[in-house]
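At the far end of the sequence shown sits residue 261, using the numbering used here, and the numbering has no gaps.
In case anyone wonders, no lab produced these hints; they're calculated from the structure.
One or more of the hints may lead you astray.
[Said to hold, decoys possible] With beta-carbon atoms standing in for the labels, derived distance ranges: (1) A69 x D35: 39 to 47 Å; (2) A260 x L71: 46 to 54 Å; (3) L138 x L2: 32 to 40 Å; (4) Q39 x I78: 42 to 50 Å.
[Unchecked claim] Cross-link-like lysine to any residue pairs, in silico, SDA-like; alpha carbons within 25 Å at most: (5) K238 x R131; (6) K44 x G130; (7) K238 x L224; (8) K44 x K238; (9) K238 x I132; (10) K238 x L143; (11) K238 x V118; (12) K238 x P114; (13) K44 x I132; (14) K44 x D101; (15) K238 x G130.
Yeah, the Cβ is synthetic: ideal placement off N, Cα and C, and Gly gets one too.
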Amino acid sequence: MLLFEIVTLAIVQGIGEFLPISSSGHVVVLAALFDQIGQPIPDKLTINVVLHLGTLLAIVVFYRRRILALLGPDRRLIGLVLVGSIPAAIVGLGLKLRLEDALENPLLAGLMFPVTGVMLIWARRMGAGGRICRELSLRQAILIGCFQALAILPGISRSGSTIVAGLVAGLDRNEAATFSFLLAIPAIAGAGVIECLHLFRRSAEGTSPDALFVGAGLSFAVGLISLWWLIRWMEQGKLHCFAWWLFLLGPAVVVWQILAR
């Protein structure tokens, strides 16, 4: 039963990490649902982070040529990505140390889903510019990084918020997606390393490493497909379509959580 639940979470993670619907929010809500009607899942935050590592590998594979270009014409992007990663590192570490339970709260996810939806609708009305990633200023990279830090809250889409911030900075749609996912690499990798170290220091009472490995592999495979899908929808200017799902899901989760208390 636990393996089935992890497989389900991995599929949701693979879809939600790239489509702007908040993978962490969906994983938190599903995990809470499994706690209620299935087998309680231990180490929810660990599972969330490990599944993110699977989608991190999908980013590396999908953007492998752009990543290699960081050693050449796009080398200025290295500094922009590092600077843009600072806000998420500060906020993420603070929440991990002081408010870790908030990151597993389905009610908070339900409240935040519509916030992501509003950002997507706003992005549609704003349109896109024609700049490329390496033309960003340090100030704009930090601004996009602040949106990424906001997405540490469950229900706020990391991809959605950073793509919207990139569009605000005048980036072309594809370039906004590219910078969003380049920015995800140090954020996900850092959280993953910390959580994996904690995982291997824990007793055998936690989630089986084998189950986590299966989940990470599945989230990688589904993530590759989802990333390809997102880029196609970005090119067609349809990012806002995902907002309607979030406007429906958010209130439904809030009502469920209120009635369950």
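Verification of the hints:
{"no.": "1", "hint": "A69 x D35: 39 to 47 Å", "in the structure": "holds (44 Å)"}
{"no.": "2", "hint": "A260 x L71: 46 to 54 Å", "in the structure": "holds (51 Å)"}
{"no.": "3", "hint": "L138 x L2: 32 to 40 Å", "in the structure": "violated (45 Å)"}
{"no.": "4", "hint": "Q39 x I78: 42 to 50 Å", "in the structure": "holds (44 Å)"}
{"no.": "5", "hint": "K238 x R131", "in the structure": "holds (20 Å)"}
{"no.": "6", "hint": "K44 x G130", "in the structure": "violated (40 Å)"}
{"no.": "7", "hint": "K238 x L224", "in the structure": "holds (19 Å)"}
{"no.": "8", "hint": "K44 x K238", "in the structure": "violated (32 Å)"}
{"no.": "9", "hint": "K238 x I132", "in the structure": "holds (20 Å)"}
{"no.": "10", "hint": "K238 x L143", "in the structure": "holds (24 Å)"}
{"no.": "11", "hint": "K238 x V118", "in the structure": "holds (14 Å)"}
{"no.": "12", "hint": "K238 x P114", "in the structure": "holds (17 Å)"}
{"no.": "13", "hint": "K44 x I132", "in the structure": "violated (37 Å)"}
{"no.": "14", "hint": "K44 x D101", "in the structure": "holds (10 Å)"}
{"no.": "15", "hint": "K238 x G130", "in the structure": "holds (18 Å)"}
The structure is inconsistent with the numbered hints 3, 6, 8, 13, although it conforms to all the rest.
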